[in-house]
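In case you want the letters, here they are:
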Amino acid sequence: MAFQAWLAECTRSPRKINKMLETNNLHKSFEGFKALTAIDFKLNEGERHAIIGPNGAGKTTFFNLITGHTQPSSGEIRYKGNLISGLKPYTIVKLGVARSFQRINIYPRMTVFQNVQVALIAQKNQHFRFFTKAHNLHKKETEDLLELVDLSEELEDIAGELAYGKQKQLELAISLAADPRLLLLDEPTAGMSPNETMESIQLINHIAETRSLTLLFTEHDMGVVFGIADRISVLHHGQILASGTPEAVRQDTEVRKVYLGEEIGNGPA
Amino acid sequence: MTDPMTRSTLMGCVATLVFLLSVPLFHSAYLIDVVTEILIYALFALSLNVIIGYSGNVSFGHAAYFAIGGYTNAILLTTYGWALVPSFVISILATISAAGIVAYFCTRLTDIYFAMLTLAFSMLVWAIAFKWRSATGGDDGFVGILIPDLIGDRTRFYYFTLILVTASVALLWSICHSAFGRTLVAVRENAVRAGFVGVNTRLMRWWAFVIAGTFAGIAGAIFGMFHRGMYVESAFWTQSATVLIMTLLGGMFSFFGPAIGAATLFILERITNEYTEYWPTVLGVVLLVILLFLPDGLSGLARRVHAFTTKNK
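In order, the protein sequence lines correspond to chains X and F.
For the first sequence, position 154 matches number 154 in this note's numbering, and the numbering has no gaps at all.
For the second sequence, position 107 matches number 1107 in this note's numbering, and the numbering has no gaps at all.
No lab work stands behind these hints, which were simulated from the structure alone.
Every residue gets a Cβ at the ideal spot worked out from N, C-alpha and C, and that includes glycine.
Do not take every clue at face value.
Unchecked claim - Computed cross-link-like contacts, SDA-like style, restricted to lysine to any residue with a CA-CA straight-line distance of at most 20 Å:
1) X/133 - F/1256
2) X/139 - X/111
3) X/94 - F/1192
4) X/166 - F/1170
5) X/133 - F/1170
6) X/139 - F/1006
7) X/80 - X/94
8) X/88 - F/1191
9) F/1311 - X/158
10) X/139 - F/1174
11) X/94 - F/1200
12) F/1311 - X/156
What the hints assert, rightly or not - Which chain X residues stay away from chain F? Per the calculated CB distances, all over 12 Å, these:
13) 24
14) 25
15) 48
16) 129
17) 140
18) 148
19) 190
20) 191
21) 208
22) 212
23) 239
Could you put the whole structure together from the sequences, leaning on the hints where they help?
Printed below as a string of structure tokens:
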């Protein structure tokens, strides 16, 4: 089986063999506390990969390392084969890695339109244009993105006054405005109602498909995980416990031990 | 900070400009002098608001750039006998350079640390102006600035000021409403998020600081010529505090707010000084009122009144 997989890997086009994201022996500790230990992680192009694990397992830390928000204690991170550990967030975004946040992270006093527009200005490297009028800049593109996340009605609303679920969608639109190849979503449905969650799953799948994105996301809701992911990694105490297809992870005895008593994969949806 | 210019703002601008153009027609030397000085302070306050309102940092040392512009222009015009245009241009370049260097250090920090560092640098500028007697006149001030005859008389100087200030404000307006300005507001609102959409937030703040310093330098250069002298008080922290209060009084979340604040505070000071010598006490009360009742200044108050009246129609 392993041999066959290896053979399949080798016969693919060279571009395909290139990993979208790869971490080697990645460590992160905060003042002695080991948040992440020896993470060897691989993400293929086009994959929709979920990272699950209990609170404090290191999921958000892992995201922060990949996106340059914090620097690894040791080890390396490669994006499309290039070393990105040590780069600033704004440089990593430009390479094609965008993210959303677990806690809402928008520009609260700006309008919904402006929230997305700024991301487009940055994506097109226009944020040092001192005499390009901002008004109506990238109007069409901004409105298209907001339509995609179903916020067409709220263009002129103040972002901070939107309902929680809508703010989450706005976050997604901001992340997409960066035109990523790899999109990291930190708990994309946290705090949403079951209905909103269902819609979000469809939306995320739709976006990943139409934009041929590679997706890496964390999630507590197993319904969401199994609704989107084609691969799952389990993070526990800062280490990867298991990694594989949803079916394989579900069967893994180690994983079952960690989630003692919790049924994996029988969540809603 | 909505754009394009709303109709009421546009009408306000036109009305203000018409008034400003007609000020010399009243044949009051006092009025011309007061309005000239208000124009200078308005530009000074508007420039500060690029840092405060748009980039979201409080500077306690904005007088430094006002003073650098003022002193450089004074020295070049008088000590070296330069013509106005080159002197003015070099003064602006000097301000830009100083602001650029200071901004390099200040933008490493945020919040109170940023504020303290701007204060420290401005005290440095003050100390230089104070101690370098041979160049600046020290605490006697730099008196007797020579200005070209063309703008030598009161009315002409007034129009000279009006043209420069109007052009500067127009330039500031377009910068604040450009792609840069929009992104700067995003940096103020959420610097972390702005970083994750690809914005080098520190560089953005650096530019904001330099732009603010530049226009403060222009204001300072005009100020020196208007008074025919530069004095160390212009570099002192109290001057930074005054312009800060002007900005807060007018409202930092509105482009023209600080100009309104400058005019209001200046007129208030003039009136107060007619009756009592306790201007600092009055200033303290003004500050209290702003902090307690007008968190977004007079322009914020106007907006709320407007919202209230339209709602009850």
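Agreement of residue 94 of chain X and residue 1200 of chain F with the hint, judged by alpha carbon distance not exceeding 20 Å: holds (11 Å)
Pairwise hint evaluation, residue 111 of chain X against residue 139 of chain X, where the allowed Cα distance is 20 Å at most: Cα-Cα ~13 Å, so holds.
20 Å limit on alpha-carbon distance, applied to hinted pair residue 88 of chain X and residue 1191 of chain F: holds (13 Å)
Agreement of residue 133 of chain X and residue 1170 of chain F with the hint, judged by alpha carbon distance not exceeding 20 Å: holds (13 Å)
20 Å limit on alpha-carbon distance, applied to hinted pair residue 94 of chain X and residue 1192 of chain F: Holds: residue 94 of chain X and residue 1192 of chain F sit about 15 Å apart, inside 20 Å.
Given as non-interface: residue 24 of chain X, which should sit over 12 Å from chain F by C-beta: holds (24 Å)
Consistency of the no-contact label for residue 191 of chain X, given chain F and a CB cut of 12 Å: Residue 191 of chain X clear of chain F: closest Cβ-Cβ about 18 Å, beyond 12 Å.
Agreement of residue 139 of chain X and residue 1174 of chain F with the hint, judged by alpha carbon distance not exceeding 20 Å: holds (19 Å)
Interface exclusion of residue 208 of chain X relative to chain F, criterion Cβ beyond 12 Å: It holds; residue 208 of chain X is separated from chain F by about 19 Å at its closest Cβ, greater than 12 Å.
Cβ separation check - residue 140 of chain X to all of chain F, threshold 12 Å: holds (16 Å)
Agreement of residue 1311 of chain F and residue 156 of chain X with the hint, judged by alpha carbon distance not exceeding 20 Å: Given pair residue 1311 of chain F, residue 156 of chain X holds - Cα atoms ~19 Å apart, limit 20 Å.
No chain F beta carbon within 12 Å of residue 129 of chain X's: violated (4 Å)
In terms of the numbered hints stated before, the structure departs from hints 4 and 16, listed from lowest to highest.
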